[in-house]
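Once you have looked at the hints, place chain B on chain A.
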Amino acid sequence: DAKTTQPNSMESNEEEPVHLPCNHSTISGTDYIHWYRQLPSQGPEYVIHGLTSNVNNRMASLAIAEDRKSSTLILHRATLRDAAVYYCILMETSYDKVIFGPGTSLSVIP
Amino acid sequence: DAGVIQSPRHEVTEMGQEVTLRCKPISGHNSLFWYRQTMMRGLELLIYFNNNVPIDDSGMPEDRFSAKMPNASFSTLKIQPSEPRDSAVYFCASSLSSTGELFFGEGSRLTVL
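Protein chains in written order, with the numbering used here: chain A, 1 to 110; chain B, 111 to 223.
Honestly, I wouldn't trust all of these hints.
In silico EDC-like pairs for lysine to aspartate or glutamate, Cα to Cα no more than 20 Å straight-line [stated by the list, open to error]:
id	chain 1	residue 1	chain 2	residue 2
1	B	188	B	121
2	A	3	B	173
3	A	69	A	92
4	B	134	B	124
5	B	134	A	45
6	A	3	B	166
7	A	97	B	167
Derived from the structure by calculation, the hints contain no laboratory data.
Only chain A is shown next, with the shape it has when bound in the complex:
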């Protein structure tokens, strides 16, 4: 299974942008990069995913390195509600074993 590495924790000030990094040096050509987040006492929720090109949606942006060995989840203006654990995972299809690492715990400071 392809693996990802993320910092254990990060801090951000409210209303500032947040860049959450993820390394996936063993990514295969058919792996999609997915990001999920888990708010306290809730199940994980989908944030965004991409293959090669940068992606934007209402929640976040995903910047993918040209060699695809790393990616960055960008929250444009952090709010207190964005405090969560953010998981970066690789998924070829949902036939795959979808493995979650420890993720990055994001704290947002008012």
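Below, chain B without anything else, positioned relative to chain A:
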């Protein structure tokens, strides 16, 4: 649309008792995943199904754990007999293979005394 529905939300039981956790995936989804989450071990994949067929159960901790998916709209995870170390939050998730996005239920918090 209703999301993934899990029951019970909370269960407290005594060691040695049988526990059955239930999951109703989103209608039309053809993949279903069972995860367990603890502070020490994080989110662990226990088993996943595709088109009601178990694809990989290598994450099931031991023979006390079993999972079934008798049809596309229902799955169970059973622990018999339960032990205190099984205390955790158990999540069910479903997805449509072509998109890959996982939708999680709210989880079942199990406490084994």
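We went through each hint and held it up to the structure:
{"no.": "1", "hint": "B:188 to B:121", "in the structure": "holds, 13 Å"}
{"no.": "2", "hint": "A:3 to B:173", "in the structure": "violated, 28 Å"}
{"no.": "3", "hint": "A:69 to A:92", "in the structure": "holds, 15 Å"}
{"no.": "4", "hint": "B:134 to B:124", "in the structure": "violated, 26 Å"}
{"no.": "5", "hint": "B:134 to A:45", "in the structure": "holds, 17 Å"}
{"no.": "6", "hint": "A:3 to B:166", "in the structure": "holds, 18 Å"}
{"no.": "7", "hint": "A:97 to B:167", "in the structure": "holds, 10 Å"}
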